[in-house]
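**Student:** Protein chains in written order, with the numbering used here: chain A, 6 to 424; chain B, 2 to 285; chain C, 386 to 733.
Be aware that one or more of the hints could be misleading.
[Said to hold, decoys possible] DSSO-like cross-link-like pairs, simulated, lysine-lysine; straight-line CA separation at most 27 Å: (1) C/623 x B/6; (2) A/302 x A/125; (3) B/138 x A/323; (4) A/210 x A/302; (5) A/125 x A/210; (6) A/323 x B/139; (7) C/627 x C/535; (8) B/174 x C/728.
[What the hints assert, rightly or not] Using C-beta positions, here's what the derived DEER-type ranges look like: (9) C/455 x B/196: 17 to 27 Å; (10) C/455 x A/120: 46 to 56 Å; (11) B/40 x A/149: 19 to 29 Å; (12) A/98 x B/51: 55 to 65 Å; (13) A/215 x C/486: 16 to 26 Å; (14) C/487 x A/48: 42 to 52 Å; (15) B/51 x A/338: 46 to 56 Å; (16) B/200 x C/482: 30 to 40 Å.
These are calculated hints, taken from the structure and not from any lab test. In this text the structure is predicted, and so the values were computed from the model without any measurement. Even glycine gets a Cβ: it sits at the ideal position worked out from N, Cα and C.
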Amino acid sequence: MRKLLISLLVLALVGVAAFAQKVVNVMHGWPGAQAPAFQMIVDAFEAENPDIDVVVEIVGRDRPTILATKLAGGNPPDLTPHPWIGTMRQWADQGVIVDLTDLVDTSEINPALVPIGEYKGGLYGLFIFPNVKSLIWYNPKQFAANGYEIPNTWYELLALSEQILADGGAPFSIGIESGPASGWPGTDWIEDIVLRTAGAEVYDKWVNHEIPWTDPRIKLAFETFGSLFDKGYVLGGPIGALTTNFGDAADPLFLDPPAAFMHHQATFIQGFFNDHFDGLVAGEDYDIFPLPTITPKATPDGSIPLLVSGDVVTVFNKRPEVIKFAQFLTSETAANIWSSELGELSAHVNADPEDFESPITRKAQEMLLNATVSRYDGSDLMPGEIGTGAFWSGVLDYISGIDLDTVLAAIEAAAQDAY
Amino acid sequence: MNRRKLIAKTPLHVTILVFAAIWIIPTLGLLITSFRDPTNIAGTGWWTVFPKLFSGGQYSLENYIGVLSGQSLGQSFLNSLIISVPATAISTFIASFAAFGFAWMRFNGRKVLFMLVVGLMVIPLQMTFIPVLPIYKKLQLAGTFPGIWLAHTAYGLPLTTYLVHNFMAGIPKDLFDSASIDGASPFMTFWRIVIPISVPALASVFIFQFLWIWNDLLVALIYLSARPNVAPLTLSIANLVTNRGQDWELLTAAAFVSMALPLVVFFSLQRYFVRGILAGSVKG
Amino acid sequence: MGDHRARPGRLKRIAHSVGLKLIRDPAGAVVRFLERGAPGRLLLRLIRSLVRWFRSVRWRSWSFVAPALLLIGFFLVYPTVVTIARSFFGRGIDLFGPNVEFVGLTNWKYVFTSPIMLTALRNNALWAVLFTGCTVGFGLVLAVMLDRVKYEKFVKSIIFIPAAISGVGVAVIWKFVYAFRPAHIDQIGILNAIVVALGGQPVGWLLERPWVNNILLIVVGIWMWTGFCMVILSAAYKNIPKPLLEAARIDGANEWRVFRNIILPLLAPTAAVVATTMVVQVLKIFDIIYVMTNGNFDTEVIANRMYKEAFLFNNYGRSSAIAVVLLILVVPFMIMNIRRFAKQEGGR
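Between the sequences and the hints, there should be enough to build the whole structure, so can you do that?
**Tutor:** Shown next as structure tokens:
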């Protein structure tokens, strides 16, 4: 008993005293395959800076709570990568995060990606972990076996869907369930459609609430998404989409025979189905094409608009060692570890698609570099009340059969309040 | 006689068995799922193992291996123990003092104060963090085990005090009268008489308090942190989840791994859930 | 002019006499001074009652409850006071920072008029009735019945197990009950498997608003918490003297009457405690909703709303107002408890 007590005491003291060195506290939300990759980046940094100890906390689901609480309690981590641009802007307004303008040299970040972290003339986020969203995943073997071809326009996509339907298959597998975050895969669809039916300018106005949610152009985007369900293109119909987890939603493409043929999701989804099925080969068993354009007027130059997302790095304390680590994250060393370990895209200015082993990553990286119109995920740009609240639940309500005008009016009411 | 008794008791047995069946079906599903591989889990219902229940091949230990080889699982198990055992002990101890005070000592505002304490059960913990945290930081309690013991103790006190109070208030007055004739102080009475006869009640309060602390994630993340050297088992398991979206097979195994210790505690305390000493000593 | 010269002398005299009095009878002097004016008299009354209270305090009695009160004061009372104050202020997650505005009753208006909060209040009411009724009822039935069978420990363990499962585990378990798969694919949720086996179409259980999905979520809650009610009620039941029950049976009372006339009255205080605890659980029910539907499809509850407003929407003011609603809702139950104590203590 006494031994137990002593060891408890020692442990308690160790908990307090282990931090005499210069310490950088990092909190991230990647418990999975990304965790060891991030740790390799940390190790590389510590090897260069033996006097600095980077302590990593991994908090998945509860990170918004923990971060908000610790921030309000004056006890935040030093640095965190996160996708919540809207929230980051609120933090900037409250003056709780560091303006990195003259502290961090962004010359190593792809210049197209830097502005995503800017706000009111300051730099609050370093966009170094990008993801490309506007992708349709398909199974090339099944496409070949059925004589299906990759559609280049929305109308070809619809024609293909009709053909699949006529052959007795389901064109799309959609999964919108994501536990407490349910709804977000649906908002990605809507955002991609807004970019393709109304154009980037309207998209920006919509995200900044300069046009209301009841605007006919926004309504059209919802209806376009809804028509996939109305026409019976979605595996399991509305209930199927609402009850399928996003992580499982690509699985039907790989069943024999396939239960569905196409799936709309960002680059990260390959991690999921590769986990569920052994031996899939990128480029052979699965491949991607961009969601085609819809209205020519919305995309005058004919290029395909790209929806991107990913994590920006925000700094809460401006001690030199923290800034040093933030700077290191933008380095080629860090970017290479990230993309070679995970097959993720690179934000580094020198990133060359040819260097990537996976044909998927190569394609996506090319899209990222070549896109003339790219926009960050709108739901992450909106205030939390909309982006993680009314928009998510609005999409769910709409798919579950609630009248669209009612849904849009509800989101608009919340938006009136939030902006 | 025996046969008649058996027939008379049939409805009783049937009702109990129906309850037991309904309660165990979801858990059984979880148990079976935890031994199946992911493709089977996603493909067919867990009950499909029954026709060929004992044929091998449909079961595997993969999920458990996956969970047990997860990041710093041993450390986090130990951390959970270090967090929950002292916190449960301290809170049960303080609660039994308070319960006795509220039940048998006389002072002004006793009832209102007691109801205030109980009513505070309703405060959502999330709302308490932000005011408390800056003070914790100043006192250098943030990130320490004593810090989280105190927090868990305080958060558990309203309910534990309430439950123990209910038991102690039911102790017959004669017991105290005879004790005070013998000249025992309230403290002696409490220690020598009340605590021993309250063991069954304390045991049941202990087990639930232990469970709640064992299963807590939020309080630990706030007052300790997610650092591997202090984070509890619940964090390892939560990170197992978010991580891959929905790896049901790992989650199911993880649920059993995290349940194991609380169940051991429950079984070992079950011998206290017996006919109490009071039952024999009291006249109606 | 003469007055002018006399004034210092008179003041000196008064000062002198006051000074003397202060030395001879300090308390009396202060008292007499204070008695001259109404505010003074009020202050005096206050001081007197404080002194009386201080003398009457039984410090030894307090020493039993003091540790608990100190901890609760710091971790619960103080934040509650802050929360109440914060509910009159606006957006932002910080407490009273420079960017936080006073907004008066705006948050309160939202709490009692917005459609989503009204849905949440309705759902919590539904929870309160069904969840509390079933958990306490089942717990009572099980506690009494299990005492009569030999396999008591075994069944008790089965009913108890759900209490040991963490929130995440519960969500997974019930996914295997409520899961939906399109009709032509094998069902993996047992409820839909039964429906399909009986020739029906699979149902998206958690989407069937507003009654089916709410009730199915409440079922999960009942499954989790009945074990708690059973253990506590069983502990109380085992304190009922067996001879008492035997005597009644020998007198020819049937089992129902024994239950109704002897067991139930003796278990009533514990049942009331357990019921109060369940009501409180209902008010702050969060985990089940958060992981299973997150309040979508008309299943929102108060505590989940509070969580979202604070930590996802950065609106700590509104979140505080919602938290205070919980506090207000619990007050009637606490008053009922106080009445019950009075009766109980009067009876012993």
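**Student:** All the hints need checking, so say for each whether the structure fits it.
**Tutor:** A quick look at each hint next to the structure:
Distance hint between residue 623 of chain C and residue 6 of chain B is fulfilled; the C-alpha atoms sit about 22 Å from each other, no more than 27 Å. Using a Cα cut-off of 27 Å, the hinted pair residue 302 of chain A and residue 125 of chain A is violated, with the two alpha carbons roughly 31 Å apart. Restraint check: the Cα-Cα separation between residue 138 of chain B and residue 323 of chain A comes to about 19 Å, which is no more than 27 Å; the hinted pair holds. Simply put, residue 210 of chain A and residue 302 of chain A have alpha-carbon atoms about 17 Å apart, close enough for the 27 Å limit, and the pair holds.
With a CA separation close to 17 Å, the supplied pair residue 125 of chain A and residue 210 of chain A stays within the 27 Å bound. In summary, the hint linking residue 323 of chain A to residue 139 of chain B is supported, as the alpha carbons are separated by about 20 Å, within the 27 Å threshold. Proposed proximity of residue 627 of chain C and residue 535 of chain C is supported: the alpha carbons are some 17 Å apart, at most 27 Å. Our distance criterion of 27 Å between C-alpha atoms is met by residue 174 of chain B and residue 728 of chain C, whose separation comes to about 15 Å.
Under the hint 17 to 27 Å, the C-beta atoms of residue 455 of chain C and residue 196 of chain B, about 21 Å apart, fit the expected range. A C-beta distance of roughly 53 Å is found between residue 455 of chain C and residue 120 of chain A, which places it inside the suggested range of 46 to 56 Å. A beta carbon spacing of about 24 Å between residue 40 of chain B and residue 149 of chain A agrees with the range 19 to 29 Å that was offered as a hint. For residue 98 of chain A and residue 51 of chain B, the hinted distance range of 55 to 65 Å is satisfied, since their beta carbons lie about 59 Å from each other.
Taking 16 to 26 Å as the suggested C-beta distance range, the pair residue 215 of chain A and residue 486 of chain C conforms, at roughly 24 Å. A C-beta distance of roughly 50 Å is found between residue 487 of chain C and residue 48 of chain A, which places it inside the suggested range of 42 to 52 Å. Between residue 51 of chain B and residue 338 of chain A, the C-beta spacing of about 55 Å keeps the proposed range 46 to 56 Å intact. Taking 30 to 40 Å as the suggested C-beta distance range, the pair residue 200 of chain B and residue 482 of chain C does not conform, at roughly 50 Å.
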